[in-house]
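**Student:** Input sequences plus hints: build the corresponding full structure.
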Amino acid sequence: MSKITQLMKNEAFLAYSTYTAIVLLKMMLMSLITIYFRLARKAFSNPEDITALGNYETAKKYLRTDPDVERVRRCHLNDLENIVPFIGIGLLYALSGPDLSTALLHFRIFVMARLFHTIAYVTPLPQPSRGLSWLVGFVVTISMACRGLTTGLYL
Amino acid sequence: MSKITQLMKNEAFLAYSTYTAIVLLKMMLMSLITIYFRLARKAFSNPEDITALGNYETAKKYLRTDPDVERVRRCHLNDLENIVPFIGIGLLYALSGPDLSTALLHFRIFVMARLFHTIAYVTPLPQPSRGLSWLVGFVVTISMACRGLTTGLYL
Amino acid sequence: MSKITQLMKNEAFLAYSTYTAIVLLKMMLMSLITIYFRLARKAFSNPEDITALGNYETAKKYLRTDPDVERVRRCHLNDLENIVPFIGIGLLYALSGPDLSTALLHFRIFVMARLFHTIAYVTPLPQPSRGLSWLVGFVVTISMACRGLTTGLYL
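Residue numbers (the numbering used here), protein chains in the order written: chain A, 418 to 572; chain B, 418 to 572; chain C, 418 to 572.
Honestly, the hints are just simulated from the structure, not real lab data. If you're wondering where the values come from, they're calculated on a predicted model, not measured in any experiment. Wrong hints could be hidden among the right ones.
Away from chain B, derived, C-beta distances all over 12 Å, residues of chain C [to be verified]:
1) 453
2) 464
3) 483
Cross-link-like lysine-lysine pairs, in silico, DSS-like; alpha carbons within 30 Å at most [claimed, not checked]:
4) C/443 with B/443
5) A/477 with C/477
6) B/459 with A/477
7) A/477 with B/478
8) C/477 with C/459
9) B/459 with A/478
10) C/459 with B/478
11) A/459 with A/443
12) C/443 with A/443
13) A/478 with C/478
14) B/477 with C/478
15) B/478 with C/478
16) A/478 with C/477
17) A/459 with A/477
Positions of the beta carbon are idealized from the N, C-alpha and C atoms, including for glycine.
**Tutor:** What follows is the structure in structure tokens.
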């Protein structure tokens, strides 16, 4: 019924959507890690989440923040702040007709940098490991924007 | 001048962009609900927002957090954390040539799950209603990722 | 090897991806402003970030929130909450075959509104400048959604 579009014959675009999906799966993992730490540390945000832990008076001490939960949440938010630009700028970049090997290099470095960023944040590893992995992803995105805007600029 | 592209003849892609727009309109509603609760509860974040409520000394008590405002904001952030993956992974999925009825099933379940999640979060409904609605949206996104990555994988 | 797709001949789509990239570059600037204020105000979130400031006992006073850092972070989050809908709804809009000059008007007003919103938030300018710039971006996105959903509606 529906058929694969012209786009799927564009290898750079195919690579873009594949790596986007992979880095978003990584981001979705943060939700699971947050749930794990909320249960393990008994630290919840909503009164309705603690009813299974006893009556409200005895359970309300679990309505609290926990350093590990907050750390994972900061990592998750940092993902959002960096992956959303990758998706939007990557679309322009992929459609600007980049050399396939250059495009793959950009996408692979970005995904690896974000993977390493998560490990550095959640472990945590000593700085500057987290800072540098963030910077690598940031610079890759800027590089894609430069190529996309100089090639396809339309204002 | 501009004309409808090939993409718009791809029904799965058309359905993808339609449901993406609908679920994003739902997310934008969270901004309006936040504004409503900020005004109703008189709970603001910025000093410049309370100047209409009197001079700074009498009004600065309104620079505070309110449980209802924070609840809506958590719901809004949860939307971002789940709808961004749906958009990015849905793009790959829609272009991977899925069966149209299967694609519609994915998109409709996702949008309904997020609608119900919002109702369960803001009301609030007793758990596990919010947890389950979150899980349904999460699993639908994983399912789209599996199909997209196995069909169109390009690494 | 890869070649420019049909999409890049669609001027409205080209304009959409260009303005998306520009507004995302603006959003990425928020990360740099956050880093600047964290360093200038010595206000950090993670213990591993303050090791360069002395031993943990003397440096742990820098694990704190600062009003300027929090202000930039609220602006950054507001960007995410508004630019993600612009990207998702803009995709449907751009593919719905809008008149090019109307499309450009939407994209330009949105990007200028978000630029002004950032200036109004970070300075800060007196209200309602920030509120109005937020509203303009919000209404532009709703307008794109109306056009996209009435033209290409597929449910």
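**Student:** Please go over all the hints and tell whether each is borne out by the structure.
**Tutor:** Hint check:
1. 453: Given that every Cβ of chain B is farther than 12 Å from that of residue 453 of chain C, nearest at about 20 Å, it holds.
2. 464: holds, 24 Å
3. 483: For residue 483 of chain C, whose nearest Cβ neighbour in chain B is about 14 Å away, the distance exceeds 12 Å, so it holds.
4. C/443 with B/443: holds, 25 Å
5. A/477 with C/477: holds, 29 Å
6. B/459 with A/477: holds, 25 Å
7. A/477 with B/478: Measuring from Cα to Cα gives roughly 26 Å; hence the hint holds.
8. C/477 with C/459: holds, 11 Å
9. B/459 with A/478: The given pair, whose Cα atoms are some 27 Å apart, holds under the 30 Å limit.
10. C/459 with B/478: Given that 30 Å is the threshold and the Cα spacing comes to 27 Å, the pair holds.
11. A/459 with A/443: holds, 24 Å
12. C/443 with A/443: holds, 25 Å
13. A/478 with C/478: holds, 26 Å
14. B/477 with C/478: Given pair residue 477 of chain B, residue 478 of chain C holds - Cα atoms ~26 Å apart, limit 30 Å.
15. B/478 with C/478: Answer holds: residue 478 of chain B to residue 478 of chain C is near 26 Å, not above 30 Å.
16. A/478 with C/477: Judged against 30 Å, a Cα distance of about 26 Å means the pair holds.
17. A/459 with A/477: holds, 11 Å
Consistency with the previously given hints is maintained throughout, with no hint failing.
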